[in-house]
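Colleague: Protein sequence lines correspond, in order, to chains U and R.
The opening position of the first sequence corresponds to residue 1 in the numbering used here, with each subsequent residue numbered one higher.
The opening position of the second sequence corresponds to residue 1001 in the numbering used here, with each subsequent residue numbered one higher.
Hints may contain errors.
[Said to hold, decoys possible] Calculated cross-link-like contacts (lysine-lysine; reagent style DSSO-like; alpha-carbon spacing at most 27 Å):
| no. | chain 1 | residue 1 | chain 2 | residue 2 |
| --- | --- | --- | --- | --- |
| 1 | R | LYS1038 | R | LYS1016 |
| 2 | U | LYS83 | U | LYS57 |
| 3 | U | LYS71 | U | LYS14 |
| 4 | R | LYS1038 | U | LYS57 |
| 5 | U | LYS57 | R | LYS1016 |
| 6 | U | LYS57 | U | LYS14 |
| 7 | U | LYS57 | U | LYS70 |
| 8 | U | LYS83 | R | LYS1070 |
| 9 | U | LYS9 | U | LYS70 |
| 10 | R | LYS1070 | R | LYS1003 |
| 11 | R | LYS1038 | R | LYS1070 |
| 12 | U | LYS9 | R | LYS1038 |
[What the hints assert, rightly or not] Here are some chain R residues pointing at chain U (derived, C-beta under 10 Å):
| no. | residue |
| --- | --- |
| 13 | THR1020 |
| 14 | GLN1039 |
| 15 | SER1042 |
| 16 | GLN1057 |
| 17 | ILE1060 |
| 18 | TYR1064 |
| 19 | TRP1066 |
| 20 | PHE1068 |
| 21 | THR1106 |
[To be verified] A short, non-exhaustive set of chain R residues, derived as facing chain U with CB atoms under 10 Å:
| no. | residue |
| --- | --- |
| 22 | VAL1004 |
| 23 | ALA1007 |
| 24 | THR1030 |
| 25 | TYR1033 |
| 26 | TYR1037 |
| 27 | GLY1043 |
| 28 | GLU1044 |
| 29 | THR1111 |
| 30 | PRO1114 |
Think of the hints as simulated: they come from the structure by calculation, not from any bench.
We put the beta carbon where it would ideally sit given N, CA and C, even for glycine.
Residue-level listing of the chains:
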Amino acid sequence: DGGITQSPKYLFRKEGQNVTLSCEQNLNHDAMYWYRQDPGQGLRLIYYSQIVNDFQKGDIAEGYSVSREKKESFPLTVTSAQKNPTAFYLCASSPRGLRSYEQYFGPGTRLTVT
Amino acid sequence: AQKVTQAQTEISVVEKEDVTLDCVYETRDTTYYLFWYKQPPSGELVFLIRRNSFDEQNEISGRYSWNFQKSTSSFNFTITASQVVDSAVYFCALSESTGNQFYFGTGTSLTVIP
Chain U
1 DGGITQSPKY LFRKEGQNVT LSCEQNLNHD AMYWYRQDPG QGLRLIYYSQ
51 IVNDFQKGDI AEGYSVSREK KESFPLTVTS AQKNPTAFYL CASSPRGLRS
101 YEQYFGPGTR LTVT
Chain R
1001 AQKVTQAQTE ISVVEKEDVT LDCVYETRDT TYYLFWYKQP PSGELVFLIR
1051 RNSFDEQNEI SGRYSWNFQK STSSFNFTIT ASQVVDSAVY FCALSESTGN
1101 QFYFGTGTSL TVIP
């Protein structure tokens, strides 16, 4: 089945540790996105990538890093510099990096940092 | 300022009642796109509809209908004869012809009581 996979579904880390969230898609989509969701705040864009080896910062990129070495993969690293990393993280993709296309979302990863 | 406002934070209805979820947007672009997504308890956002700014026709899909009014910058979503399975958080989103991102509202949590 085509879709977006995110792993793991739940992730626990100690404060001060970097952690990488996985996002893979087999939809052959060019564009991929990472969002953070906090209660009552909707979705906020962290990073997005329209093509391989290229990515741009979103509204809340500080403390995060990404890579796009393959079209199918867009991993997100939450670094120790991120002040409040505990959140629900959603990965999405769209056919092209154009605004007219809807985004398809993965199941999300819930990260808890203590 | 919020580009997408969903003023209703939580709504509860009894099964079989109709319910309307409000969405008000703000943009200076003449070309833009509006979306609705459903987020069930599992967490994955499910795409429901896309509407471009040049198409003000209302749309009906089964029990779902959407009312797009440019004069009031609104894109409201109505569920007719609600069912328990409709319980979810619903997000309205906007993408503009300029820029590269989606703007999500803060979501409306709908609970359908059996």
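Colleague: None of the hints should be skipped; say for each whether it holds.
Modeller: Quick rundown of the hints versus the structure:
Restraint check for R:LYS1038 and R:LYS1016: satisfied, since their Cα atoms lie roughly 19 Å apart, inside the 27 Å limit. Distance hint between U:LYS83 and U:LYS57 is fulfilled; the C-alpha atoms sit about 17 Å from each other, no more than 27 Å. For a cut-off of 27 Å, the pair hint linking U:LYS71 to U:LYS14 is broken: about 31 Å separates their Cα positions. The straight-line distance between the Cα atoms of R:LYS1038 and U:LYS57 is roughly 26 Å, inside the 27 Å bound, and the hint therefore holds.
For the suggested pair U:LYS57 and R:LYS1016, the alpha carbons sit about 44 Å apart, so the restraint of at most 27 Å is broken. With a C-alpha separation of about 26 Å, the suggested pairing of U:LYS57 with U:LYS14 holds against the 27 Å cut-off. Note on U:LYS57 and U:LYS70: the hinted pairing holds, with a Cα-Cα distance of about 18 Å set against a maximum of 27 Å. Between the alpha carbons of U:LYS83 and R:LYS1070 the distance comes to roughly 40 Å, so the proposed pair goes past 27 Å and is violated.
Note on U:LYS9 and U:LYS70: the hinted pairing holds, with a Cα-Cα distance of about 22 Å set against a maximum of 27 Å. Only pairs whose Cα atoms come within 27 Å are accepted, and R:LYS1070 paired with R:LYS1003 is accepted, the gap being roughly 14 Å. Proposed proximity of R:LYS1038 and R:LYS1070 is supported: the alpha carbons are some 23 Å apart, at most 27 Å. A hinted pair counts as satisfied when its Cα atoms are at most 27 Å apart, and U:LYS9 with R:LYS1038 qualifies at roughly 19 Å.
For R:THR1020, the shortest C-beta to C-beta distance to chain U is roughly 19 Å, which exceeds 10 Å, and the interface hint is violated. Nearest Cβ of chain U to the Cβ of R:GLN1039: about 9 Å, under the 10 Å cut. The hint holds. About 7 Å separates the beta-carbon of R:SER1042 from the nearest beta-carbon of chain U, less than 10 Å, and the hint is met. For the restraint placing R:GLN1057 at the interface with chain U, the shortest Cβ-Cβ distance is roughly 17 Å, beyond the 10 Å limit, so the hint is violated.
Among the interface hints, the one on R:ILE1060 is violated; its C-beta lies about 19 Å from the nearest C-beta in chain U, farther than the 10 Å criterion. With a cut of 10 Å, the hint placing R:TYR1064 at the interface with chain U is violated, because the nearest CB-to-CB distance is about 15 Å. Interface restraint check: R:TRP1066 against chain U, minimum CB-CB distance 14 Å, threshold 10 Å, status violated. Taking 10 Å as the C-beta contact cut-off toward chain U, the hint placing R:PHE1068 at the interface is violated, the least distance being around 15 Å.
With a cut of 10 Å, the hint placing R:THR1106 at the interface with chain U holds, because the nearest CB-to-CB distance is about 4 Å. At a threshold of 10 Å, the smallest CB-CB gap from R:VAL1004 to chain U is about 8 Å, leaving the interface hint in force. Against a cut-off of 10 Å between C-beta atoms, the interface hint on R:ALA1007 is violated, since the closest Cβ of chain U lies about 13 Å away. Below 10 Å, beta-carbon pairs count as interface contacts, and R:THR1030 has none with chain U, the closest being about 13 Å; its hint is therefore violated.
Given hint, R:TYR1033 at the interface with chain U, holds; its Cβ is 5 Å from that chain's nearest Cβ, closer than 10 Å. Nearest Cβ of chain U to the Cβ of R:TYR1037: about 8 Å, under the 10 Å cut. The hint holds. With 10 Å as the threshold, the beta carbon of R:GLY1043 comes within range of chain U, its nearest partner Cβ sitting at about 4 Å, so the hint holds. Interface restraint check for R:GLU1044: the shortest CB-CB distance to chain U comes to about 4 Å, inside 10 Å, so the restraint holds.
A distance limit of 10 Å between C-beta atoms decides the matter here; for R:THR1111 the minimum to chain U is near 16 Å, and the interface restraint is violated. Given the 10 Å rule on beta carbons, the hint for R:PRO1114 is violated: about 25 Å separates it from the nearest Cβ of chain U.
The structure fails hints 3, 5, 8, 13, 16, 17, 18, 19, 20, 23, 24, 29, 30 (numbered hints given earlier, in ascending order).
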